[in-house]
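Enquirer: Got chain V sorted already, so can you dock chain G onto it with the hints?
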Amino acid sequence: MSADPTVKTTPPPVVQVRDMDFCYGTSKALFDINLQVEYHRVTALIGPSGCGKSTLLRCINRMNDRVPSARVTKGEVLVKGKNIHDADVDLTQLRKQVGMVFQKSNPFPKSIYENVAYGLRIHGEKNKNALDEAVERSLTHAALWEELKDRLQANALALSGGQQQRLCIARAIATVPDVLLMDEPCSALDPISTLKIEELMHQLAKEFTVVIVTHNMQQAVRVSDYTAFLHLGKLVEFAPTEELFTNPREKLTEAYLRGTFS
Amino acid sequence: MNSTPTNDNPFAGDSSGIQQRETAARWGLRVGSYIVVLITVAIMLHIFVKGAPVVFRSQWPFVNTQFLTELPATLHVIEDQQGNHIETDVNGADAVKKKLGDHFRAEKTISYSGGGILGPIVGTALLVIVSVGVALFLGVACAIYLSEYAKHGKFLEMVRLAILNLAGVPSVVFGLFGLGAFVLTAPRFVGVPAERSVFAIPLGFTTISFEGWDTCVLSGGFTLAFVILPVIITASEQCLQAVPQGFRETSMALGATRWQTIRYSVLPFATPGILTSSILGIARAAGETAPIMFTAALAFKDKLPWQKDLPPLPADASIFAHWEQSVSRFLGIFTESVQALPYHIYTLAAKIPQNEYAERAQYGSVFVFLVLVASLAASSVLLRKRLRAKYRW
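Chains as they are written, first to last, in this note's numbering: chain V, 1 to 262; chain G, 1 to 393.
Okay, chain V solo, but in the shape it has when bound:
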């Protein structure tokens, strides 16, 4: 566990999911979810395919709004203490402060610079210096600055898969979000690129709060401070990672970790 000594008092959790039910049309996908995400910690969501971990992740920045008929039917989701389904929540502001990195790295077919600057530009930043600064800062955070500083105008699609995914991380953190959601960010990458991103995650947690969905249990052990195990739309167990992996409270968790899942 990489506890951060600079955090003295415990602030309230940045993300709170309370008694939440979530439906796609008439079929319920998540049941009665309760989850707290602490500031500057990495929280991992694990579970078998189709257990609802991605759906839960996408509830935090309301990306599920894009799916017609998908909606929260019970409970609430609070980010920074505010219910994000309140009528006075501006979706663009929410998503500016809750960034997201997707499973498939998908840089825009534009230059590296334009990719990173995209978020700032759509939020109205026009100052060239501010943009330059943000691009450098974000690429540095994503451990890409040294590699790419001489070819910022090159097309982002010319980068390798691992670089593309790190570019997507840089793009997501350029708007300085409080929370960074990652939906299986390494599932399409080779082991070396995966390692780089995992190393990055420890660094990112110093500045941001990270929530990561992963199907790789070892990855959860390596990167996360807290782990939530989901199964069939229910949150089975949520605990500090070490505790959950060494001494799970629930039989189901234990079975999943041992791989003797039925």
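These aren't lab readings, by the way, just hints derived from the structure by calculation.
The structure displayed is predicted, hence computed values, not measured ones.
Hints may be right or wrong, so weigh each one.
[What the hints assert, rightly or not] Taking lysine-lysine and the BS3-like style, the derived pairs with C-alpha atoms no more than 25 Å apart in a straight line are:
(1) G/108 x G/98
(2) V/110 x G/385
(3) V/149 x V/206
(4) V/28 x G/151
(5) V/196 x V/206
(6) G/108 x G/351
Expert: Chain G only, in chain V's frame:
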């Protein structure tokens, strides 16, 4: 153990005729394809053989410039005592007759077959510009709405059905629609509404009167726009759908609004495809005859659309007056009726007595028309090839 084969070949085919059926199927399909190719080649060759000699010359500049740069005119053919045929225009005919005195056997006049086809070329170009402008605006707007905004459901199904039906409407129906809607009832700004105005809204300084635009480039262009609208909508929607969903998700996840997402991370990548397919729309618009018959086209017109007699300006006219006249001359282009290539071909083929002189004009026009449309299609293919290499993801 298998039963012992009767000969050495364990893979011998049976004799159920499956091979014969296979061969028959292959040849049936092949012959069908060959017939299609044959017909295409026959049409092209026929037009080329008959039309190319009209347009091309064996001497410099190798092109019949008269045919491409003059307006259509009545052709006068005078046969002299020696049996020579002298082809000339109306002024030339007088001169020739004066020279020959009474020593000519016969004079024939063939309408529209002399001169060139500049009028129809210009008219078709103007109609295409207006129709593609209108169709692109409406079509792309509709496609964006359908692809990015509309919820899946009854309404969307209805719109799709409407577009499908629009594609199936016979073009002459579009022509009649254009006559009713644009020629006779479309709104325009006038000082005093005409007698036939359906409805007039006085605004004080001017009046919006639903009295139609008359037969003109604007009416014809709008009518053609509706003919090619289904093509443009369908193609644009496909291009928009071809942009990866990930671009939209990422953009939205960065806090972009829906329109920002479309504007910055969908449209730029769909535009090449939309433009490419709209070039095919141009070819279609250029080729339609029925929609412009009642709305824009004239069988004959002795002036180009911008050769309009405007009152001459006084010598001391201000620069503003000159400017104003230029603008009104430019806008006047779109309120003139014009000749158009497809309608000109129809006139030459159906409205005048057929003889060798008319035939020459016919094939020349068809050849030029075909070359124009073919080069549009070719440029669309080239453009697509180049842009595909540039925009890949």
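Enquirer: A separate judgement is required for each hint: does it hold in the structure or not?
Expert: Going down the list of hints, with the structure as the test:
With a CA separation close to 16 Å, the supplied pair residue 108 of chain G and residue 98 of chain G stays within the 25 Å bound. Pair hint residue 110 of chain V plus residue 385 of chain G holds up; C-alpha atoms about 20 Å apart against a cutoff of 25 Å. Proximity of residue 149 of chain V to residue 206 of chain V is assessed by CA-CA distance (about 23 Å); at most 25 Å being required, the pair is judged to hold. For the suggested pair residue 28 of chain V and residue 151 of chain G, the alpha carbons sit about 21 Å apart, so the restraint of at most 25 Å is met.
Taking the CA atoms of residue 196 of chain V and residue 206 of chain V, the gap is near 16 Å; set against the 25 Å cutoff, the hint holds. Between residue 108 of chain G and residue 351 of chain G the CA atoms are separated by roughly 16 Å; this keeps the pair inside 25 Å, and the hint holds.
Of the numbered hints given earlier, the model fails none.
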